[in-house]
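The listed protein sequences correspond, in order, to chains A and B. Mapping to the numbering used here: the first sequence position 93 is 93, numbers consecutive. Mapping to the numbering used here: the second sequence position 165 is 165, numbers consecutive.
It is worth saying that the hints were derived from the structure and are not from the lab. One or more of the hints may lead you astray.
Pair by pair, the computed Cβ-Cβ distance ranges are [what the hints assert, rightly or not]:
#1 A:Ile8 / B:Met41: 42 to 48 angstroms
#2 B:Lys40 / A:Val40: 42 to 48 angstroms
#3 A:Ser46 / B:Glu131: 45 to 51 angstroms
#4 A:Ser46 / B:Leu238: 44 to 50 angstroms
#5 B:Asp70 / A:Lys44: 39 to 45 angstroms
#6 A:Arg42 / B:Leu238: 41 to 47 angstroms
#7 A:Ala79 / B:Val153: 21 to 27 angstroms
#8 B:Phe105 / A:Pro76: 38 to 44 angstroms
We put the CB at the ideal spot given by N, CA and C, even for glycine.
The primary structure of each chain is shown beneath.
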Amino acid sequence: MTIIFVLIALQLIGEGIVQLSGLPVPGAIIGLILLYTILVVRGKISDEMSATSGFLLQNLGVLFVPAGVGVIAYLPMIAAQWWIIVLVLLASVCATIAITGLVVAKLSASGIEAVEAPAAS
Amino acid sequence: MNADRLVNGLEFLAATPLLWLSLTLGAYILAVTLNARCNKMPLLNPTLLAIAVVVAVLAATGTSYKRYFDGAQFVHFLLGPAIVAMAVPLYRHTDIIRKTAGALFAALGIGSLTAILSSVLIARSLGGGRELWLSMAPKSATAAISMAISGRVGGIPALTAVLTIATGIIGACLATYVLRLVGVKEWHARGFAMGLSSHGIATARAFQENELAGTFAGLGMALNGIATAVLVPVIIKLIDRVG
Numbered sequence: 001m002t003i004i005f006v007l008i009a010l011q012l013i014g015e016g017i018v019q020l021s022g023l024p025v026p027g028a029i030i031g032l033i034l035l036y037t038i039l040v041v042r043g044k045i046s047d048e049m050s051a052t053s054g055f056l057l058q059n060l061g062v063l064f065v066p067a068g069v070g071v072i073a074y075l076p077m078i079a080a081q082w083w084i085i086v087l088v089l090l091a092s093v094c095a096t097i098a099i100t101g102l103v104v105a106k107l108s109a110s111g112i113e114a115v116e117a118p119a120a121s
Numbered sequence: 001m002n003a004d005r006l007v008n009g010l011e012f013l014a015a016t017p018l019l020w021l022s023l024t025l026g027a028y029i030l031a032v033t034l035n036a037r038c039n040k041m042p043l044l045n046p047t048l049l050a051i052a053v054v055v056a057v058l059a060a061t062g063t064s065y066k067r068y069f070d071g072a073q074f075v076h077f078l079l080g081p082a083i084v085a086m087a088v089p090l091y092r093h094t095d096i097i098r099k100t101a102g103a104l105f106a107a108l109g110i111g112s113l114t115a116i117l118s119s120v121l122i123a124r125s126l127g128g129g130r131e132l133w134l135s136m137a138p139k140s141a142t143a144a145i146s147m148a149i150s151g152r153v154g155g156i157p158a159l160t161a162v163l164t165i166a167t168g169i170i171g172a173c174l175a176t177y178v179l180r181l182v183g184v185k186e187w188h189a190r191g192f193a194m195g196l197s198s199h200g201i202a203t204a205r206a207f208q209e210n211e212l213a214g215t216f217a218g219l220g221m222a223l224n225g226i227a228t229a230v231l232v233p234v235i236i237k238l239i240d241r242v243g
């Protein structure tokens, strides 16, 4: 419970900072930076913090469902050009994933944890 | 119980947030169970399946999105605290981030450019209208950022929202196959590519695969939000000058 309070309070402070400064970033990102700073200063992660953040991040997928449902209402907007959109998104997303992944992998030092061979999901 | 009372009872339930909260969580649990049964196949993405179930229920019952969201917003609201919580795995993996910072920044520049240029150029070459490719340019950034950029450069923010969510779902469904095809096995590289290209929805997928992948996906998402905001206006100005 304390942790949920801390997360919400840090986001609130983040939103406040965004309002006052006009920074073009969401308040939650500022909250993330604040929490990171707190962790660096304290030098450790409490068990409760570890458990609560783990729970939220393991179930991150469900948090996008309400917004995703909302998108359906706008689907008629893309009706006329839907095939262009599908082609562009497929090509662009796959190219971006491949190029970004390859650049990070080729330029990183070796020895970082990897998928066990053969590459399964 | 007579029919009137039943109808009144259903009306009452439909007006409480509880019903739509239960539907959202229930649909997601169902989706996760189905996904687990199918060997966690990335194509059967739990977020996508849950959206499909909710949409089907709303359509079948004639429920408006507004009414649904009034209840489901409590789930939506947790997105902010979840992003703040990403500081925890970021702190835990500070060493690897520091060790790979050079690679990450190179990939951020190249990846962000690829995401923007490929969508704009392919859309133009296929005959897409100006409003379409302007709305498409920031699609890899997280929704809050992509919609703001779209509005600033003359795109349609609502269309960008659709394109952004679609980008996230495509990335979450296909990333595993694309990365296998090009032979990228390191979790940090896989995660960074997923978050950079397809923001939060792919980041959720990355966290399900591996914590290190999820951490780097969150990092890729945050950094590309900033990079996209800087690059899109510049690229559009350049394209307009070239014609």
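Evaluation of the provided hints:
1. Between isoleucine 8 of chain A and methionine 41 of chain B the C-beta distance comes to about 35 angstroms, which lies outside the given range of 42 to 48 angstroms.
2. Range check, lysine 40 of chain B to valine 40 of chain A: about 34 angstroms between beta-carbon atoms, so the 42 to 48 angstroms window is missed.
3. Serine 46 of chain A and glutamate 131 of chain B have their C-beta atoms about 49 angstroms apart, which keeps the hinted 45 to 51 angstroms range intact.
4. Taken as a hint, the range 44 to 50 angstroms holds for the pair serine 46 of chain A and leucine 238 of chain B, whose Cβ atoms sit roughly 49 angstroms apart.
5. Between aspartate 70 of chain B and lysine 44 of chain A the Cβ separation comes to about 41 angstroms, which falls inside the hinted range of 39 to 45 angstroms.
6. Checked against the given bound of 41 to 47 angstroms, the beta carbons of arginine 42 of chain A and leucine 238 of chain B, roughly 46 angstroms apart, stay inside it.
7. Taken as a hint, the range 21 to 27 angstroms holds for the pair alanine 79 of chain A and valine 153 of chain B, whose Cβ atoms sit roughly 23 angstroms apart.
8. Taking 38 to 44 angstroms as the suggested C-beta distance range, the pair phenylalanine 105 of chain B and proline 76 of chain A conforms, at roughly 41 angstroms.
Of the numbered hints given earlier, the model fails hints 1 and 2; all others are met.
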